[in-house]
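Asker: Protein chains in written order, with the working numbering: chain A, 1 to 351; chain B, 1 to 351; chain C, 1 to 351; chain D, 1 to 351.
Read the hints as simulated data drawn from the structure, not as lab findings.
One or more of the hints may lead you astray.
Unchecked claim - With beta-carbon atoms standing in for the labels, derived distance ranges:
no.: 1; chain 1: A; residue 1: S223; chain 2: B; residue 2: G337; range: 28 to 36 Å
no.: 2; chain 1: B; residue 1: L226; chain 2: A; residue 2: K283; range: 27 to 35 Å
no.: 3; chain 1: D; residue 1: R275; chain 2: A; residue 2: E123; range: 49 to 57 Å
no.: 4; chain 1: C; residue 1: G169; chain 2: D; residue 2: L226; range: 48 to 56 Å
no.: 5; chain 1: D; residue 1: G139; chain 2: A; residue 2: G47; range: 31 to 39 Å
The structure presented is a predicted model; accordingly, all values stated were derived computationally and were not measured.
Using N, Cα and C, we set each Cβ at its ideal position, and we do this for glycine too.
Protein chains: 4
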Amino acid sequence: MGKVRVAVIGSTGYGGVELIRLLLRHPHVEITSVVSSSNAGESLTDGFPHLQDVLPVDRLDAVDPALLSSKADVVFAATPSGISSKLVPQLMNAGLKVIDLSGDFRLKDRSAYELWYKHEAPEQSVLERATYGLTEIYGNQVREAELLSNPGCYATAATLGLVPAVESGAIDPTTLVIDAKSGVSGAGRGTSLTAHYSEINENFKAYKVNNHQHIPEIEMVLSDRLGKPVTTTFTTHLVPMTRGILCTMYGTVKDERYLQDEAWIDLYRQYYAGRKFVRVRKKGTWPATKEVWGSNFCDIGFSADPRTGRVTILSAIDNLVKGAAGQAVQNMNVMFGWDESAGLEGAPAYP
Amino acid sequence: MGKVRVAVIGSTGYGGVELIRLLLRHPHVEITSVVSSSNAGESLTDGFPHLQDVLPVDRLDAVDPALLSSKADVVFAATPSGISSKLVPQLMNAGLKVIDLSGDFRLKDRSAYELWYKHEAPEQSVLERATYGLTEIYGNQVREAELLSNPGCYATAATLGLVPAVESGAIDPTTLVIDAKSGVSGAGRGTSLTAHYSEINENFKAYKVNNHQHIPEIEMVLSDRLGKPVTTTFTTHLVPMTRGILCTMYGTVKDERYLQDEAWIDLYRQYYAGRKFVRVRKKGTWPATKEVWGSNFCDIGFSADPRTGRVTILSAIDNLVKGAAGQAVQNMNVMFGWDESAGLEGAPAYP
Amino acid sequence: MGKVRVAVIGSTGYGGVELIRLLLRHPHVEITSVVSSSNAGESLTDGFPHLQDVLPVDRLDAVDPALLSSKADVVFAATPSGISSKLVPQLMNAGLKVIDLSGDFRLKDRSAYELWYKHEAPEQSVLERATYGLTEIYGNQVREAELLSNPGCYATAATLGLVPAVESGAIDPTTLVIDAKSGVSGAGRGTSLTAHYSEINENFKAYKVNNHQHIPEIEMVLSDRLGKPVTTTFTTHLVPMTRGILCTMYGTVKDERYLQDEAWIDLYRQYYAGRKFVRVRKKGTWPATKEVWGSNFCDIGFSADPRTGRVTILSAIDNLVKGAAGQAVQNMNVMFGWDESAGLEGAPAYP
Amino acid sequence: MGKVRVAVIGSTGYGGVELIRLLLRHPHVEITSVVSSSNAGESLTDGFPHLQDVLPVDRLDAVDPALLSSKADVVFAATPSGISSKLVPQLMNAGLKVIDLSGDFRLKDRSAYELWYKHEAPEQSVLERATYGLTEIYGNQVREAELLSNPGCYATAATLGLVPAVESGAIDPTTLVIDAKSGVSGAGRGTSLTAHYSEINENFKAYKVNNHQHIPEIEMVLSDRLGKPVTTTFTTHLVPMTRGILCTMYGTVKDERYLQDEAWIDLYRQYYAGRKFVRVRKKGTWPATKEVWGSNFCDIGFSADPRTGRVTILSAIDNLVKGAAGQAVQNMNVMFGWDESAGLEGAPAYP
């Protein structure tokens, strides 16, 4: 059987080059088109010399649905939010399977989208065709997806860390606080003072406090799993590092049994049984972003505190892999019926 | 009038060399002895070449109370916890004023000390002579101190950030969550895997979750100000940077008025009126560790969230300055009746 | 006597805020105007919250020579090269003493300027009134300066490290290789991919190889001191850190005596006797950028190698202090007859 | 055909876990033993949680040649220098193929080894059986090796960058200066002040100037290729990053033709034709360590300078991959007749 042909829109961004890195190792696909709206016609490796001699295609294609449908079977759209909402329907109409990393198709509620994203939502009919690709939770739907909406980086770390706690009733869902920290690559390759080296290095700070667009996404998932509305307090911080997200999450324990770490470990091991990319940590150890660097793993650990009646749940991912490109490849694997971990095997890069 | 003579015990640690940096700029003191238990007799600048040509004394003295009392009027003890408990009474008996940075004299409750610090507490009689030097809160007691116990770095950032909220009743004290992040210099100069470059760089992780010895210190201060016991959930994280602490703190608002940022800003501006080292940030902006780097400032900002009924309070300090050496100098200034900011003026180093 | 009034043009750049930090500690001056071409009318501390509550003036003035001459006695022009060449003559005509940090007045040879800087050189008559402010070498001229041209950051580290070797004849001037490394703050606060966090962090690379505009400046000084033309090979690299320059310099030893480190140490100690800001390192130790961080020091060390007949000379500075703002203040001190180190005393910040 | 069984001695070091990462992706081998002298009997993933759920073996074996010969066909010895010299002969006597990363078998001259390494050299008879595994240069010998001595990290970057220049006569071999910079992982996982986070972060410095043990290794290779003795000046620096080596190398051009970059690019492209892991950069661009991060590539670039008559050659590698584990796997591939790049394909991780 021939390989599945893939195109990567947004190849000149960090999500795009990470997709390329992962897809190059994938046994069932070949990259047949690298696409950029702003740099069409140029050489990708001129801008990214690390790809010299490893990439079968180098000339950047324009964002042209007809062209892409002649070259590819599936398209990864690593495009900014607000662009995908317009582009993706055209790609679908051209007969392409689409895996969208933009965020535009995550929220089913158009008014919530417009409130948090500050631009017009995609059309309702397209939204209804989109599947939210948090594979560990919604794997069955992913299998059927024609338009796959890849979860947000923070949302992935937070929901994988909280869903079993909320769904099982072990935690009081009115008490959830999520303190999230991210490396700077999440801000993308576009230059700004926020990502300027001398402003970030040897610095730690919060941003978008109570105002991040992943809040409604996290609450959508938790509410769906609980079956009633969940509200959370969510803070994002910038860490002076390139990759990695750690979420430290707090809630009041509802059942005394869950004042023991072991109960949490058991709960999560059962919940995620058979899910290769969630690793539940041993008692007394907690995740570190470096321990998932470059991999598709989400590591989760616990500290239940009988003194306060709260549990602290920690989850870590590589924001560019499980938080973006890796999860997108994982979703493609499920959509095509391949092994979920095809192209994503192996160990994180440490140190 | 002659200058006050100061000795620095623990000069070969990070707290010690930071004390030296600040004391060198102080108008009313002179450093007459640098002291080290492990390196007595050696040259301080051999180990710390950055001090070449700026330090009037270089040969390290042994830890000898009689010698120190002949050379100095006041001693800073930047010694490890467990050492100070034995040493400080001897220094006091030798007639020296002591500013202790070790942590051994912070907790008034000996059993709490032994529970969290895992070694024997100082004698009760010495504990009773110790003044807890959180100057902005306990300045009146500091003025009379003979043994000054300098607050912990995390405890300083957390309590300065929470005391007005708790004391005013604006926040529900049963709901407090403190998510703290620190640079690596807080771990000191002793080598360990925890502070090994390749383990820390491009990494973010939690440590001592629900188990840090600053928990009882924070709760002691908050309980004292509220007049009844306060319990908090407290997590510490390591940031890949050298200096800085940021605390992100959460609690449920008790009074609807405090669902507006302005109410918090007003409350804190009034509470800290006249306190030069607390800077309340403008609405919509939050502290960053780099903005206090090298200075004695504690910056505080707010985000009240009507959606969740919670407030997020953020505070930032330089752990080696306001969290250690700077606050110790500030306390000395108050003890000697000098301007609180003598030797501590000026701007943070940015970037 | 009243304080000398100073204005800082370019206050919203890194050189500008570092000037402000140093001038705030200066005993003989007061900052009476902060100036910005692009942000006039705005609040400086809105853009630089680290300056909150420490700066006597906050509203940014426009670049208006008449206004500045009414407010200030001396102006620091931390302006981009190509701007100063036009602006400085106007400031001088308005009666102001000017200390220029731009580079526009360093090269006496207009054609060399235009070759390396790629824009029009200042007028010859203005160039002739400019004094090159490498204080340790040209202190006598600095005393008389009306227009002081502050040396480049790389040029400062390289020339302080090489002048005694070249001037004494100890080194063969036809064999000089300068391998220079700088922190990223040297690139300024303007955003660009070159200074984008994720591109710099965990990366080391060269830039402008054989093409940096400090090459003719270094050669101008060395040629002047030797009395005949000197050519050097010079490479610049970006280090993933904010501040600091280290130059590693190589040359063939002409006199066998200089195959011993001691000979170099003696030579430099004598050459720089009485110069407070040059610190010659002990045998077998070499400078590190952290050991001069935040200070005006230039540390210099040596390794003579009988095996190869070459000497390796290393020099380190903080690019924003001795390489820019600190040296500018030092030059002001000399121009006004004050102690050379006024406002610049004390220890580097370590760690 | 069954997979070749490999054991990794020194699995608890950075070289060891990087070997494991690469071998896990290798199509022709399986890891059958992870070995540690100091932690035998313990779980590898307890110390390296990033390996949880990816490693087929976890319990650390003791360093026991008989045991290893029963479990493995080939052994990677990522052991400290001074240990391998004793251990490797025992492993060979037990019938194992050995790939040694220690440095003990690189220098053929026992007195040079003892001069630079400061311990006793291996026996001459064992040295004579060792093949120096700089594959791009000595691939023919590697094919026949029973004991493969893997090159040093600095030596790899320097010699791959210089050999074509020296061997072709394009450069004057009496003028070579190598200015090398390395990330901190090269110092290993053993804790020391040299690798202590707060000493390294925001710092740049030289170490072992004119005294590094890779000097004789570099000179051995260059002398061998030229056919007469070559002496070089070599400086090593520590960069505040984890991985990566960049060498900036200087020499006087002997033939006017080589005052053009194109001549260098042509020379190197021809010299390394067919060698997948050397990438010659385009004119006007130079290597960056991040562009080879996590990969086995050595990138090389040039700047010839007619002004000075010198050429600047830059080479970059990942010190843990091409400088250690990756080159070791490459050598295994050649020894077993597999494709040189088996297990090493794909793109560097960027950013």
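Asker: Hint by hint, note whether the structure agrees.
Answerer: Hint by hint, here is what the structure shows:
At about 60 Å, the CB distance of S223 of chain A to G337 of chain B disagrees with the hint of 28 to 36 Å. In this structure the hint that L226 of chain B and K283 of chain A lie 27 to 35 Å apart at CB holds, the actual value being about 34 Å. With their beta carbons about 53 Å apart, R275 of chain D and E123 of chain A fall inside the hinted range of 49 to 57 Å. A hinted range of 48 to 56 Å is violated for the C-beta pair G169 of chain C and L226 of chain D, which are about 32 Å apart.
Judged by the Cβ atoms, the range 31 to 39 Å given for G139 of chain D and G47 of chain A holds: they are separated by roughly 33 Å.
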